[in-house]
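All chains, please: the whole structure from these sequences, using the hints.
Chains as they are written, first to last, in this note's numbering: chain A, 243 to 618; chain B, 2 to 263; chain C, 528 to 758; chain D, 103 to 413.
Be careful, since some hints might not be right.
[Unchecked claim] In silico DSS-like links for lysine-lysine, alpha-carbon gap of 30 Å or less:
(1) D:K285 x C:K640
(2) C:K653 x D:K285
(3) C:K640 x C:K655
(4) D:K285 x C:K582
In short, the hints are calculated from the structure, not lab data.
Computed from a prediction, not measured in an experiment: that's the story for all the values here.
The primary structure of each chain is shown beneath.
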Amino acid sequence: MTPPNRARRLLLHPLLWTALLFLALPWTAGSDPFHGQWSGFVGIATTMVIFALFASGFNLLFGHVGELSFGHAMFFTLGAYATALYANGFNVTVLGAVLAHGKGDNMLVALALSLLLALLWAWLLARIIIPRSSGIYFSMITLAFAQIVFFTTYRWSDLTGGEDGLQNVARPTLFGADVLRDSDHFYWFAALCVFVALCVLYWILASPFGSVLHAIRENKQRARFLGYDVDKYRVNAFVLSAVFPAIAGWLWTYFQQAINPDAGSVEYSGNVVMMSLLGGMQTFMGPLLGASVYYELQNEVSQATKYWEAWIGVVFVVFVLAGPRGIMGIIDDVRTNGVAAILRNPFKREEPVEPTFDEALKPLDESPAVSETGVR
Amino acid sequence: MSAPAPAVPVPAAGTGYIFKTSGLTRRFSGFTAVNDVSIEIPEGGVRTIIGPNGAGKTTFFNLLSGLLPPSEGRMWFRDREITGLPAYQRARLGIARSFQITNIFGRLTVYENVRLAVQAVHDGKANFFLPTARMGKLAERTERVLHDIGLWDARDTRAENLSHGDQRRLEIGLVIARDPPVLLLDEPLAGMSPTETHETVELITRISPGRTILLVEHDIDVVMTISTTITVFQTGGVLAVGTPTEIRANEAVQRAYLGEIA
Amino acid sequence: MLLELDRVNAYYEKSHVLQNVTLSVDAGEVVALLGRNGSGRSTTCKTIMGLVVAKSGTIRFKGQEITNKSPFALAQMGIAFVPEDRRIFPNLTVGENLRLAALAGRKGAWNEKRIYEYFAVLGERKDKPAKLSGGEQQMLAIARALVANPDIILLDEPMEGLAPLIARSVEEVVRGIRAEGNTILLVEQNARVAMSLSDRGYVLSNGRVMASGTIAELEADEATMHRYLAV
Amino acid sequence: MRRTEGLPSYPRRERLPAIHLTLAQLTDQLVNGITLGMLYILVALGLNIILGLMGVINFSHGSFFMLGAYLMYQFNGLIGFWPAILLAAVLVGLLGMAFESVLVRPLYRRIPEYTLLLTFGTALIFAQIVRRVWGDDAVRVDTPPYIPDSINIAGLAFPFYKDVFLVLLTVVILAGVWLLLNKTNIGIIIRAGTRDAEMVKILGINMPLMFTVVFGLGSLMAGLAGALAAPIYAIQPSLASEWIVLTFVIVIVGGIGSFWGAIVGGLLIGILTSLMALLWPPAVEMTGYFIMGIILLVRPRGLFGVEGLFE
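Now the structure itself:
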């Protein structure tokens, strides 16, 4: 690589832009933290960064492996409940044995528990789902399994507090100092955690492992014939993509200081799908942008109408039809073709590629690529 | 994250044949594409399979490379039985194949395409999470392959934007990237212009020493020039095997292609 | 002319599979498309049928331009296509396969009853699921084309992959429907068979028409025949 | 999925130890389950036919069910009970046809996930429209006075509309759908199309039109189920999301594109869910998902999911 090229690459580095985005978020929408003028937006900014991580984790699977999970809120909610249960303590009878735990205030232990729970569940599911499904079949199945988690949090009232959830979760201390109680401090804490996690995600995607995922997204069959154990990669990707929502759930509990079953609902799963698509799902920045735009939109529209979700739906539908590569895709188009060309022909966008082989309705992935009668 | 690759040592050469099949049969509904084929394909050289449409050539390839399970019969790669082995493990043994329709990673760059193929050799190694750029050996081999297939200058192009001929060449690049002992090339010249055909034939000739190439091809002129032996398939079975000269002189073969007027 | 192709160009992805193909078929004629595998014969049929996009050139049928029309509209105009892989619906009965084909077809000499008389093997199985052998599938595929009473049948490799004896019986069927005065554009690997069935022929190679003429003319041109058809 | 009051009315009883189950309770729940299953079947079969023919999965299918119920509620006061059911179903069917030709059609060339995404977005819109028009609170429809409340069979009292009339009507409707699929020309086209839509086109059938018609038909079935269910369940905006996930589960359990799969899957989940209400109430809503998990382990393509569709 020639030096100017390297400088250019550094300038366009997604992590740099991520950092800039996180620095900029609290300043938008009329806040001016330098002069102590928080307009309540820091709460929204915190939501944005947490969901940026959640959506990025989801997008590892959708944008980079090509599998659309409609149930990723299950990992978010598992992480969140693990944290809340650890922080608040619990006392529950399981199979005749009394399990009890007092309040815990070490947030790293909470994080470890969140990850453990999410990883176990993800691994179990991956072993069941991955060899048996792909395409929309995969989407439907993940959606259904997420419902098991949702209804568990909803119905197991002794443990989870049922519909009301778990309240009054204390914010953790930093080296013994109770600084995170303050919402802007918490924003910077969350932003930093998310940034570190995103660095790890970026590293994964840039590694040889990540490029195999892209290969699988582009052409499963070819990857297989290069000697890759495609299902093993898909299982690993599935498990990895559960890690980031779990971390996001951990932050979410501490941020909200409460958790209820909604966090694992179809809506939450669907929201991150929308965020990824709005931002641009095959890019690293896409889900981050998408999460920010989503909550900005929600913030603005919800002040005008209580039916704001309809407008989010409209925006989403328009993107699916006319801009399936999301905001990043539009930026890309503008960079390559210039604004004038886009305006002249606003609907001529690069379409996402069709699958190389018709895997849509094949629940089993081992289906022959050659149709039965199409033997040559 | 990646478990170590299953230990599948590449069987040593020396059995004399690269592939052996016994009673290999594949049926589709109402149609037997490959019918009781028992052959041995000798090690080395360009072994071409020709035959009319529907003779079962591609299905035979699909059976050898593990894309389709056989309805009946067994097959061996050197002295190792591969009948039930999944496709990716056959690829790890060194059985590399290209496809009739262009089958590459469309939205990745040419460089990434080849690197993925090269990298497949290292699949399962501990350093798999290191950034790709730092894997020097990979880069070296990738560059070699890109030069070999003449796509070095196009390395940063997205594969889907290449011309048809270049896409087909990239496909061959994917096949040779891990330096496999066997190449299964399914109609590598399909849809190429005369110039592209010429270049690709040269490429195939250049990569053939030290390997066995199984070739399905329709361009008879090319087949006659580069083949060591030709196997003629008809209606799912083997009609004839021989050198190009023998095949040209074989009346049954001429009848299969032309009918009696020739 | 019933069907005319004028300098038609078509691509599969980026591969230029038809290059300035010009040919015509008159009513009542059987025209053979000759050539080796991969020479573009099947693609010609698919392009006529609107299954492959013609990037340039025109296709006319009964004087009307039909380039890149939807397949169902072409079928309703009177073009029947028998694809090389037959594409029988095995989840339907033999009778249902025929009824489906007759739905959008026209009334005429062929109806279900006559089909069963003509193809006895189909008549025996009309109420059974169409899980048929290769030869039976081909019979049904041809019957499916006939029952719509089309003006022209595009017949793609009817004997492909069939054992010699069965191939011969399919050949006889084609000969029979030719004798009834049907117009056929025939793609056939075996030049002898193709030529014995046809009035005229076009020789294709690499997506181009290399030679054309009456069967007698083509037979006389041994050099061309050998160059493009033989091994 | 926020609140669960609107879930199909699983009876909320005190938890009873299993030994105290009486035969009456068991029968009661069994019949309940059959009713529930019948409605599931109607919704799932519509979805499954669309899925089988077009490879399109419609997340808004649950919204069509919900709209059927609301429209029934709306028209009930205006034109009477039976015409309201009919009109609601037909309107939802027409809506489905418009939906397909305007929104879904541009996406056929893309990967199927995009239709899922699109219809997820439209489901959000439908939910808000319903909230805007009919409010957040549940509405109710009563059966007309001339329909008896309950009927005695073998000494047991069954709610007439819910457990007798509805079940019988659904059986008739399903028989009709079966006849349509197996004995009519449209049925031949649909069955052939699930196998190879392009070849059907080659045979001269206007498949784009057929897609619209079949999408309308499937939507009509969802709308009809909604209209029929209106007198039984609380009608509220959350109906859509509650039903759509279970519908997916039934399709997975029964097998994609399978007629009998939808029927067996719907009944199985309806009945087992109802019985679970007796055995272990907290797990009621999860029954279907557990069944799905088990089926997935044993038969990944679902009970009837073989390659041949509608066989």
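Are there hints from earlier that the structure breaks, and if so, what are their numbers?
When the structure is compared with the hints, only number 4 turns out to be violated.
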